[in-house]
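Chains V and P, in that order, are what the protein sequence lines are.
Our numbering puts the last residue of the first sequence at 355; the count rises by one with no breaks.
Our numbering puts the last residue of the second sequence at 1355; the count rises by one with no breaks.
No lab work stands behind these hints, which were simulated from the structure alone.
Keep in mind that this is a model prediction, so the values were computed, not measured.
Incorrect hints may have been included.
[To be verified] Over 10 Å on every C-beta distance to chain P, these chain V residues come out as not near it, computed from the model: (1) V27; (2) H56; (3) G108; (4) K253; (5) Q268; (6) A281; (7) A300; (8) E306; (9) A315; (10) A335; (11) M338; (12) P340; (13) A342; (14) A343.
[Unchecked claim] Here are the simulated DSS-like pairs of lysine-lysine, each with C-alpha atoms no more than 25 Å apart in a straight line: (15) V/K305 x P/K1253; (16) P/K1297 x V/K305; (17) P/K1314 x V/K349; (18) P/K1253 x V/K314; (19) V/K213 x P/K1253; (20) P/K1297 x V/K297; (21) P/K1213 x V/K349; (22) P/K1349 x V/K297; (23) V/K321 x P/K1349; (24) V/K314 x V/K253; (25) V/K305 x P/K1305; (26) P/K1321 x V/K305; (27) V/K321 x P/K1314; (28) V/K314 x P/K1349; (29) V/K324 x P/K1297; (30) V/K314 x P/K1213; (31) P/K1213 x V/K253; (32) P/K1253 x V/K321; (33) V/K349 x P/K1297; (34) V/K260 x V/K234; (35) V/K305 x P/K1324; (36) V/K349 x P/K1324; (37) P/K1253 x V/K349; (38) V/K321 x P/K1305; (39) P/K1260 x V/K321; (40) V/K297 x P/K1321.
Where a beta carbon is used, it is the ideal one built from N, C-alpha and C, also for glycine.
There are 2 protein chains.
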Amino acid sequence: MNYLRTMRRVLPTVETFVQGIRAGNRVVLGQAITLVESARPDHQALAQEVIAELLHPTNSNPVRTDVHPGEQQPTTNNPTLRIAVTGAPGVGKSTFIEALGTHLTQQGQRVAVLAIDPTSSVSKGSILGDKTRMEQLSGNDMAFIRPSPSGESLGGVARKTRETILLVEAAGYDTVIIETVGVGQSEIAAHSMTDLFLLLLLPGAGDELQGIKRGIVEMADILAVNKADGERVKLANQARAHYLNATHLFPPKPNGWTPKVLTCSAEQGTGIAEIWQTIEAFKAHILDNGFFQENRKQQAGYWFKETLQAGIQKAFFSHPKVRKQLETLEPAVLAGQMSPFAAAEAVLKSWSEKF
Amino acid sequence: MNYLRTMRRVLPTVETFVQGIRAGNRVVLGQAITLVESARPDHQALAQEVIAELLHPTNSNPVRTDVHPGEQQPTTNNPTLRIAVTGAPGVGKSTFIEALGTHLTQQGQRVAVLAIDPTSSVSKGSILGDKTRMEQLSGNDMAFIRPSPSGESLGGVARKTRETILLVEAAGYDTVIIETVGVGQSEIAAHSMTDLFLLLLLPGAGDELQGIKRGIVEMADILAVNKADGERVKLANQARAHYLNATHLFPPKPNGWTPKVLTCSAEQGTGIAEIWQTIEAFKAHILDNGFFQENRKQQAGYWFKETLQAGIQKAFFSHPKVRKQLETLEPAVLAGQMSPFAAAEAVLKSWSEKF
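Bound conformation, chain V alone (with noise of 0.2 Å):
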C-alpha cells in the first residue's frame, strides 16, 4: 500500500518496468503486479502498456545477463509450465507447494506461486495471504510468491491472475503454480490459464466426503493422494486405487492424456520427485503431440472474447440512455405486464440504431 502511495506522486516509466522486470528485479514485478491489480485508469493503462511492450515479438525471450546458475532460459523448445494445484481445504495445498517449489528451485528452476480466492479481500485472510505458510519458499531467491489479488468478483480476480502469468514468465520465472480453494468456480478459471491440472486429495475419503464437484475430478491430469505417511500409507494406497478406477469411467481428455494418480506426503517431502517427474512427462507429452501450443492459442482466444464480452456488456448496461430505458420497462416486465422479449426488443432496437 506503501507503494501505491509514492506512485500517486510520480508513475515509473514503461522503461523502467520492462527493464527491471527483465532483469528479474523482484522489487519492479512486484510495483508492477500492483499496477495490475490497481483500479486506477491509470494504472491500468501503463499495466497494459507494460505488458504489450514484455509480450512484443521482436522483444520478448531476450537473452537476459543475469541468468542463475543452472537456470535454464525459457525457450521456444522450453517454454514455462503453468500448473493449476487445488484441492479441498485441510488437503495440505500450502505444504505440497512448498515442497513442490522447493524441489524446482534445488533444480535450478524459478517458480512462481500465485493464487484465485475471490473470497479473499485486504481485510480478511486469505490462501497465501499468511506468507508464514510457505516459509521456506517465500525465503528462497528463485521463488516468488503472490497472494491472490482481491476484488468482488471471480472474473476480475481471474483476469489480474492472468496478466501476473505474464509478468511473472517475462521476469524469468519457468514454473508458474495456481493456487485455488478448491471448492467451486475458482478451478474453471485456474483450467482455464494453465497447462496442467493437478488436484490434491485425502487419503480414504471419497470425493462426496471431500468436497470436490465431478466435474472437477475429471478436469485433472494429475491426482496426488497427499498425506501418505505413518498410518495413513494404507488408506492413502486405497484412495490411490479407488481414483485410478474412477479415472478409467472418464471421457477420454482432449490432450491425449490419461490421468496419473499418486500418492506422496508433502510433509516428509516423499513422493514429490515422482511427481515433478509425472509433470515432466505431461509436459513432453502435450508439447509432443502439439496440445501445448493449441491449448494455449485456445486460451488466449478465450480470454479475449470473455473480455470483450464483459466490456460491452458493462459499457451497455452502464450507458445513460439504456439505464433510463431499463428504469421504464423493467417494472412493467417483472410485473408480467410486458414479455420480457418484447421489451429486450425495444432496448435493443433502439441502441443499434446509434451504432
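Position chain P relative to chain V; hints supplied.
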C-alpha cells in the same frame, strides 16, 4: 409447414390471433406458436405484437364465454401453474405426463404440454415429436400438446418455449407442463421458467447410474420414483428412502419447501393422484409465502437480462467494423504476441467512442 406457406401470402391480423387464442381456438393457438418459432423477422414482429396484446393489463383475464364445464378460469387468486418434468431417458416421462395430464382433465382442468429439447430438429424424431407416445392425452379436447421447437441453440429453443407458455396460458390452459430430456442444460432452462420442478426417478438405481447430475436432483421440489409396480415396488421404496435421506442433506430451498419424495406407476395409474395433491400443496405453500409471485418476477427479470445480453453480443460480434478489428487482432492474440486484455481494450475503446 403448410401453414407457413399460406402465411407467406397473407398474414392474419393481430386481432385475429388475439381473439382466436382467447376463444381457446386450438388451430389459431397452433398458428401463433408457429409464428413464435419462425425465424422470419415479419413473423417475429407479429408474434411480439400478439404477445404484447395478450399480456396487456387491461386486456388480460377476460371473462371467456366458452369456459368448459367445471373449468376454473385462472385468476390472480388462482394463477396458472408451470411444472417442469424431467428424468433420465427411459424413466417413463411421456407415460407419466399422460397419466398426470389425464388426471387433471378428468377434474375439468385444461393442460398444455410443451418440451425443451435442443437436440430435436424437423428431420430427427424428438421428445413429443411423436404424438402417438401420448395417445390418450393428444386426443383429449382439454389438453394441448406441442413438440419441442427445433433450433441450433438451447437459448433459442428456451426462448421460444418461454413465449409459448404465455400463449397457451392466454388460451386458458391452467397447468403447463414442460418436459425436458433430463441430461443437461435443458433442465436449468426449464427451471428458469417454471414454478415447480418435478424429477422422475427409476426404482433402485442411484443418481450416478441414472445419469442425473447432483445439481438437478437439488433443484427438485418433488421427486417421484416411477415404475413402482409388480416386483419393483420394493426397489422403488428403497429408492424413495435413499432420496428421502439425500434431500435432508440438501441446502434449504429459497421457496421454503422441503422436497417430497413419492412413488408411482404411471403405467398403472397408481400414485398419480397423490402426486397431484402434493403439487397442489406446493402451489398453496408458495402462494402463501409469496415465493410464487416473487419467483415469477425474478424469472421475468432474468429473461429480460438474458435477451438483452444475447442481443448486444450478437449485434456487437456481427458488426462489420468489429469483425474487421477482430480479423487483425485475433491472430496476434492467439500467437501470444498481444495480451488478450489489451486487444479487447482496443476494440472496446473504438466501439465506445461511437456509442
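Comparing the hints with the structure gives:
Every C-beta of chain P lies more than 10 Å from that of V/V27, the closest at about 23 Å, which supports listing it as non-interface. With a least CB separation of 7 Å from chain P, V/H56 falls inside the 10 Å interface cut-off, contrary to its annotation. Consistency note on V/G108: stated as away from chain P, and its beta-carbon is indeed over 10 Å from all of that chain's, at 25 Å minimum. The claim that V/K253 lies off the interface holds: its Cβ sits roughly 20 Å from the closest Cβ of chain P, which is beyond the 10 Å cut-off.
Distance check on V/Q268: its Cβ is at least 35 Å (rounded) from any Cβ of chain P, clearing the 10 Å threshold; non-interface status holds. With a minimum CB-CB distance of about 24 Å to chain P, V/A281 clears the 10 Å threshold, and the non-interface call stands. A Cβ of chain P approaches the Cβ of V/A300 within 10 Å, the least distance being about 5 Å, so the stated non-interface status is violated. Residue-level check failed: V/E306 sits 8 Å from the nearest beta carbon of chain P, not beyond 10 Å.
Not every CB of chain P is more than 10 Å from the CB of V/A315 (nearest about 5 Å), against its label as outside the interface. Against chain P, the non-interface label of V/A335 is violated: not every CB pair exceeds 10 Å, the least being about 8 Å. A beta-carbon of chain P comes within 10 Å of the beta-carbon of V/M338; the shortest separation is about 6 Å. A cut-off of 10 Å between C-beta atoms contradicts the statement that V/P340 is not in contact with chain P; the least separation is 4 Å.
Its closest Cβ contact with chain P, about 5 Å, brings V/A342 to no more than 10 Å, contrary to its assignment away from the interface. Not every C-beta of chain P lies more than 10 Å from that of V/A343, the closest at about 6 Å, which undercuts listing it as non-interface. At roughly 34 Å between alpha-carbon atoms, V/K305 and P/K1253 are farther apart than 25 Å, so this suggested pair is violated. Using a Cα cut-off of 25 Å, the hinted pair P/K1297 and V/K305 is violated, with the two alpha carbons roughly 31 Å apart.
Among the hinted pairs, P/K1314 with V/K349 is consistent with the structure: their alpha-carbon atoms are about 13 Å apart, no more than 25 Å. Annotation: proposed proximity of P/K1253 to V/K314 is violated, straight-line Cα distance about 31 Å (limit 25 Å). For the hint pairing V/K213 with P/K1253, the CA-to-CA distance comes to about 20 Å; that is within 25 Å, so the pair holds. For the hint linking P/K1297 to V/K297, the alpha-carbon distance of about 42 Å lies beyond 25 Å, and the restraint is violated.
Between P/K1213 and V/K349, the direct Cα distance comes to roughly 39 Å. Violation of the 25 Å bound is thereby established for this hinted pair. Taken as a hint, the P/K1349 and V/K297 pair is honoured in the structure, with Cα atoms around 24 Å apart against an allowance of 25 Å. Distance hint between V/K321 and P/K1349 is fulfilled; the C-alpha atoms sit about 18 Å from each other, no more than 25 Å. Restraint check: the Cα-Cα separation between V/K314 and V/K253 comes to about 35 Å, which exceeds 25 Å; the hinted pair is violated.
At roughly 20 Å between alpha-carbon atoms, V/K305 and P/K1305 fall within 25 Å of each other, so this suggested pair holds. Restraint check: the Cα-Cα separation between P/K1321 and V/K305 comes to about 16 Å, which is no more than 25 Å; the hinted pair holds. Between V/K321 and P/K1314 the alpha-carbon distance is near 20 Å, which keeps this suggested pair within the 25 Å criterion. For a cut-off of 25 Å, the pair hint linking V/K314 to P/K1349 stands: about 13 Å separates their Cα positions.
Distance hint between V/K324 and P/K1297 is fulfilled; the C-alpha atoms sit about 20 Å from each other, no more than 25 Å. Our distance criterion of 25 Å between C-alpha atoms is broken by V/K314 and P/K1213, whose separation comes to about 32 Å. About 20 Å separates the Cα atoms of P/K1213 and V/K253, which keeps this hinted pair within 25 Å; it holds. A C-alpha spacing of about 37 Å is found between P/K1253 and V/K321, which places the hinted pair above 25 Å, so the restraint is violated.
About 24 Å separates the Cα atoms of V/K349 and P/K1297, which keeps this hinted pair within 25 Å; it holds. Only pairs whose Cα atoms come within 25 Å are accepted, and V/K260 paired with V/K234 is accepted, the gap being roughly 19 Å. This hinted pair checks out: V/K305 and P/K1324 have alpha carbons roughly 15 Å apart, not beyond 25 Å. The hinted pair formed by V/K349 and P/K1324 meets the criterion: a straight-line CA distance of about 23 Å does not exceed 25 Å.
Pair hint P/K1253 plus V/K349 does not hold up; C-alpha atoms about 38 Å apart against a cutoff of 25 Å. Simply put, V/K321 and P/K1305 have alpha-carbon atoms about 16 Å apart, close enough for the 25 Å limit, and the pair holds. Proposed proximity of P/K1260 and V/K321 is contradicted: the alpha carbons are some 47 Å apart, above 25 Å. A distance of roughly 24 Å separates the Cα atoms of V/K297 and P/K1321; the hinted pair therefore holds under the 25 Å criterion.
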